[in-house]
Amino acid sequence: MTPTHESEKPRIGVFVCYCGSNIAATVDVEKVAEYAATLPNVVFTQTNKYTCSDPGQEEIRKAIIEHKLNRVVIAACSPRMHEVTWRRLLQGTGLNPYLLQVANIREHVSWVHQDRGEATQKAKELVAAAVERVPLHEPLEPRQVKIAPSTLIVGGGIAGIQAALDIANAGYHVYLVEKQPSIGGNMAKLDKTFPTLDCAMCILAPKMVDAGRHENITLFSYSEVESVEGHVGQFRVRIKRKPRYVKEDVCTGCGLCTQACVLKDRILSEFEMGMGKRGAAYIPFPQAVPLKAVIDPEHCLLLTRGKCSMKCIKACGPGAIDFKQQEEFIEIEVGTIILATGFELYDMSALPQYGYGRYDNVVDGLQFERLCNASGPTEGRIVTKDGRVPEAIAFLHCIGSRDENTNPYCSQLCCMHTLKLAHLAREKTPARIYEFYIDLRAGGKGYEEFYKRVQHEGIHFIRGKGSEVVQDGDKLIVRAEDTLLGKVVEVPVDMVVLALGMVPPKDIENIARIFNINRSRDGFFMEAHPKLRPAETNVEGVFLAGACQGPKDIPATVAHASAAAAQALSLMSRGQATIEPIIAEVIAEKCSACGECIVACPFKAIRMDEEARHAYVVSAMCKGCGTCAAACPSKAIKMAHFTDQQLIAEIEGILGRMSEYELA
Amino acid sequence: MSLPESNVQQPPYEPKIIGFLCNWCSYAGADLAGTSRLSYPPNIRIVRVQCSGRVSPELVLKAFHEGADGVIVLGCHIGDCHYIDGNHRTSKRIPMLRQLLAYAGIEPDRLRLEWVSAAEGERFATIVKEFTETVRALGPIKQVMVTG
Amino acid sequence: MDEEHMLEAVRQKILEIMPQVDGVIALRRVGKGTAPHLFLPGDDLSELALFPQFPLPTPVRIIQAKYPDKRFAVVVRGCDERQLVEMAKRQQIFLDKLTMIGVACTKEQAEYCRCEMPFPKQVDVGETVEGIPQTFLDEFLAKPREERLAFWKHAFAKCIKCYGCRNICPECFCKECVLEDNLWVTSGTVPPPFPMFHLIRAMHTVGKCVACGECERTCPADIPLTILYKLLKRDVETVFNYYAGANPEEPPLMDSTIFLADMDMLHPPRR
Amino acid sequence: MNHIQGFSPAAASALEKIAEEVSVCMQCGTCAGSCPTAPAMDYTPRALMRLLQAGLFDEALHSRTIWMCTTCYSCTVRCPRDIHVTDILGKLRGIAIAEGYAETAGMTFNKAFLGIVRRYGRMFEPELLIRYHLRQEPLGIVGAAPIGLALLQKGKISPLPERLPAEGLAQIRRIFEAVEARRKAAPARPHPMHEVSR
Amino acid sequence: MNPLRYAYYPGCSLTTSAKEYDRSVRAVFDALGVELLEIEGWNCCGATPASQNELLMYALSGRNLAWAEARGLDVVAPCSECFKNLNKTAQAVRADPAVRAEVNAVLGDVSLTGKVRVKHPLEVLVRDVGLEEIRRRVTRPLAGLKIAPYYGCLITRPRNEFDSPENPTAMDDLMAALGAEVVDYFPYKTRCCGGALLLSNKRIALGMTRDLVIKAHQRGANSMALACPMCDMMLDPYQGPALRAGEKPLPTFYFTQLIGLALGIDPDQLGFADRVVSPREVLAALS
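Protein chains in written order, with the working numbering: chain A, 1 to 664; chain B, 1 to 148; chain C, 1 to 271; chain D, 1 to 198; chain E, 1 to 287.
Hint data in this document are derived by calculation from the structure and do not stem from the laboratory. Every residue gets a Cβ at the ideal spot worked out from N, C-alpha and C, and that includes glycine. Be a bit skeptical, because a hint or two may be false.
Unchecked claim - Here are some chain A residues pointing at chain C (derived, C-beta under 8 Å):
| no. | residue |
| --- | --- |
| 1 | 588 |
| 2 | 590 |
| 3 | 592 |
| 4 | 596 |
| 5 | 599 |
| 6 | 644 |
| 7 | 645 |
| 8 | 648 |
What the hints assert, rightly or not - Sample of chain D residues at the chain A side, in silico, Cβ under 8 Å:
| no. | residue |
| --- | --- |
| 9 | 26 |
| 10 | 27 |
| 11 | 30 |
| 12 | 34 |
| 13 | 39 |
| 14 | 44 |
| 15 | 46 |
| 16 | 47 |
| 17 | 78 |
| 18 | 82 |
| 19 | 120 |
| 20 | 146 |
| 21 | 150 |
Excised from the complex, chain A in its bound form:
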């Protein structure tokens, strides 16, 4: 039963929501509805306890049909929350979804104003604005866009690998771009994982190998995304492949060149977190995927000074080394994108009182992991810089986290990570182990049990944040207050391990700009909604996986990565995405072909029709920002759903009512 033809006289239904007490607490919902009934073109009003609930929506559906409504105003929560729900509801009744206007009387009224009179008055005016605007809404048909059945995944840590495998196993193609020479990310650096004490590499390597070999995954290691254009379903991505100076198809990963390199063991290895050395030609770690050598352009003598005995070339049997390799650029088109760029550790040298970067034996969590790791610089022996087995080790929690002067947030997993390190230290050395903590946060599955186990292993827990570390002879004195005893303690130890405060990678700002994502206050990528949509972003078709969205341990990262993969798959399996029909359109007869809109368009989506002497919008490229409509001097561009008439109607709705208010 299709309702009346939209273009006839507007018949507006106004639905005002209680939202339980969220709105009703400070806004007199009944009064607002009463007032709405007096407004022009309003033929039906109704209030509702929970408009977004099924019964709530059912009420509206019934009203639309019974009262032949052709315009709907819903005064409730923010349109960014449920506008999509209401549009789907209108669609269900056959009414075009864009003949709707939402008045935000919760986030912008009831939750922020305490005075009931003022809040109710403001709610009335926002409803009046919506009622003034909605008659001017025109039906708009969302555009369908084909979704390319492929995904770009940025970042090859456990998050990127998990998402890649989920999508590849579902039969869609994945382009996995990893900045480092090998995938594996931070997890590859770990020795054991908590709480199961699995060997990190044992559970990660199989997934790395799968990802490296999967026929549906094209791996671009040692590469970065240069730029992204287009929109969901049709992202054109330009990838920069940094030159390895090693032919990947020829290199067998035997490592002879790395042994022959003149600078062998002379350069600090990033993978070993500066605890071990590598040559200019190197393979980051034995289980690297792809297992190929790479030559470091900043240190290799030939590449920097142009002269070297090039022992690597002589050592390489198959002749894989090629110093003439250049940067390569590859263009691909993908339907969806998943960002899995992970995290970095906070640079503790910004806190001089802990001596990080000054005293040899003050290390951070990942550096200590490398000491514990069998393929690490010390083959798993926990020893001080000068090779001594430590008699006492102190682990300091919350350094660089939960601190207004550095990072106010808690990095969530460093308590558990430090507990695990303490266990490993207790297991591998006779040393006395101390842990200086504020609140030991062990909330995950099996975490509290692990904490009890570590306590049981004789680790001394001191409830008090480590305040400073001072070198005295060959001992490091950790000073803190044991707040449970109310005593200041000074504990001499041989090694201090600072818990890992997690921060976004240094180049996150650049990545955010390339993918047009904004960032939350803590600097990580901002999710579409912290509670309901943690793996989505504001850019449709771009998803987040892992710690790039905020500190996460491995189980949460894997779950989050699968969530992102699932959402990408749901888009790709649908094959189509609806693009909001909010696009600009040039009114040809009004256009004087001055081209100001062409210059103003951020997406270069407007062209000039030379013969007809007027501009026109390429609708597929238009993203609906409206900059052109504002730039056009003769207002010859109509911005669908945000036309000048509609915005002015909204203003008149507000200010018209206000002047009345003054007269009263």
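Since the structure of chain A is provided, determine the placement of chains B, C, D and E on it from the hints.
Structure of chains B, C, D and E alone, referenced to chain A:
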């Protein structure tokens, strides 16, 4: 058409403020101020636009002409714009309009442009408080302009 | 160099260029005034005129639109040349089909127009003279805000909405003008309600106006429009380092991606 | 009705303002771990913050802690909650003096010091030493004699106080009186958070 | 660049127990062409006791700042305690309109805005005059001196942009620029000397002082540079009582005395004779 009853006799002068907020950053920031239950004066009425680049000088003048005592335009920080650089145009149009208002003898402080990200709920509330007091001090737009 | 000599020099220039073009757009003596005229090859040049000034960019636009493939020359002063460059940026005239004959304004002409740069970049005839310092702008700014407001309310109250200022301005080439749209400027009332009509037009001059002063001279109500437009022009020059009509390659200011990083660089007079 | 009105209406007393600032303390102990004299205190700075959080103001004002503070600001620099611990201890010293708590050595020092500043506008160290030792440890003056002599030899002790000109002194006196006038209202005590076994 | 001019706030100690600090500051600033205008009728900043009442501290310091602000001059305060009180006052008045109103009410006929900047001489020398400028004018490099640079706890705390509160380096660089060897004195360079407790808790105060001297010796220093009269009271006259029998004393100097020496100013003008711990042996080492 009934008039909304006001339970106060002649109310003290409450400025009428129109806020043009961009959907992706400042509008989300205003929502965050709501979910964080911050409080700020109720004088601002928010009009949602897709991008601050949508706000033409003519639209701002129209808001004043319709009786707004203050107009504030809030957009994404430069570099954060969901539409790459829609806000670059805003950063020229609104300040130049302020200059024109000042030259024409209209208090430029009635118009303000700020960048507010989706994570800056507190900043939004502070800006609204400040701007409301600024406009309250300037008095009704009727003193400088024929409205309605 | 007095007017007669300049006229003679221009006639020489025209005769020189005439063979390469299909016509020369310049001013012709009409009674005591002047009017734009398309001199065709072989026409009598005796009636050629230079003063009083008339903005030639609009005639160039109309003629080029009518004869898109023809090549013309035009006798331009400084403001004409700069205006043609700005209009070229908006595809209204085509510089590649235009040869300019640059005429530097005389002292009196510069004073008459209160012109800051009374000469084109390419001067073919006349010697350049010093630009006139824009002291009247600062005098106006010295007035307190209330006085400025009263000044403009009084001035705009005399406006009879004849659209003269818009029609004479070469930059106002829109097919349909927002000033005539009731949505923006309430129609049916004279004078148009303060300040919509005049501030909308002022905003449309930002980054385009070359301060030729014609709008002010044309206004039957003697409204000193150039004060507003020149103040905005000065801001655009100082803050964005953008000189209207100076560089054809530069995109139109207000639409380009150039952004104002520090908003305090523009400090509107609050007093 | 949102009952979170924020702790301190404008007219909150000093103690109420302190209680509000300390409300965010997470008892991490960094202040105590950074404090040079904490080991000699009956309540470490952190324990003192806990007293303030619990509203046990009398115990806090009785403590030796507030008189052991050298105002070296290490605690304030490192506090992860950005609490100005040093300034809070300073204010507690002021309240302890104003409310006539038992006289401590530090209290004598402060009173003598400010008394001299009030009288001359500048410090006169000999009078400070004499006033302090008379009240606290009369024999101490003997102990300090050798140092006194050394300083005298080096001409580092001026025999007479340097007095500000009359007009300057009047301003100084007005400052002290104005500050005392504001101090008149005894600080209202926020009620303790919960009963604590004695 | 135009000559640097500052309002000079000596503070009570610099007229008595720290007179050589005052003389060396004036001599060095004069040699470097920096003009110091002593604030007329300056009053005591209230030192540590003033911290018991914020308004009292702001008013006492505010009175001095008002004189400088009226003349558009920044303030130089050599004594770290006075520097902290004046700087905290300027920052509070600048940041908080309520504080500004209250202070101006208490001061009466004055309207302080807090525009004035308060600087320790260390900041003026290193940031405004500049190390290059000073290095150029060194005529007698302090070769043979192994200096432990001691900042004390107040120059860069609680918050002062000019250097790090935990590990400041301005004095280290300055001493190095004078040609002296500078030992790594972290973290003791900002440790508290205990001065505030000299009378009320002598034992603890002297213990803190002794620790500083022992650590300086351990780090190989043969002298120490100070920047505060209260630290000087502990590390010069009270160094004797602080050390135990047989422990080697460490000559200490105001950093401005050492700069004066390096700039070739006559040592008598710099008040070396006023030092209690005799500097003779170390100055002799200066070739």
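Against the structure, the hints come out as follows:
1. 588: Result: violated, 10 Å to nearest chain C Cβ.
2. 590: 5 Å, holds
3. 592: 5 Å, holds
4. 596: 5 Å, holds
5. 599: 4 Å, holds
6. 644: It holds, given that the least Cβ distance between residue 644(A) and chain C is near 7 Å, below 8 Å.
7. 645: 7 Å, holds
8. 648: 6 Å, holds
9. 26: Cβ of residue 26(D) sits 6 Å from chain A, so the hint holds.
10. 27: 6 Å, holds
11. 30: This hint holds: residue 30(D) lies near chain A, its Cβ roughly 5 Å from the closest one there, short of 8 Å.
12. 34: Because about 4 Å separates residue 34(D) from the closest Cβ in chain A, which is inside the 8 Å limit, the hint holds.
13. 39: 5 Å, holds
14. 44: Nearest chain A Cβ about 6 Å off; hint holds.
15. 46: 6 Å, holds
16. 47: 5 Å, holds
17. 78: Result: holds, 7 Å to nearest chain A Cβ.
18. 82: 4 Å, holds
19. 120: 40 Å, violated
20. 146: 33 Å, violated
21. 150: Not OK, violated: residue 150(D) not within 8 Å of chain A, min 33 Å.
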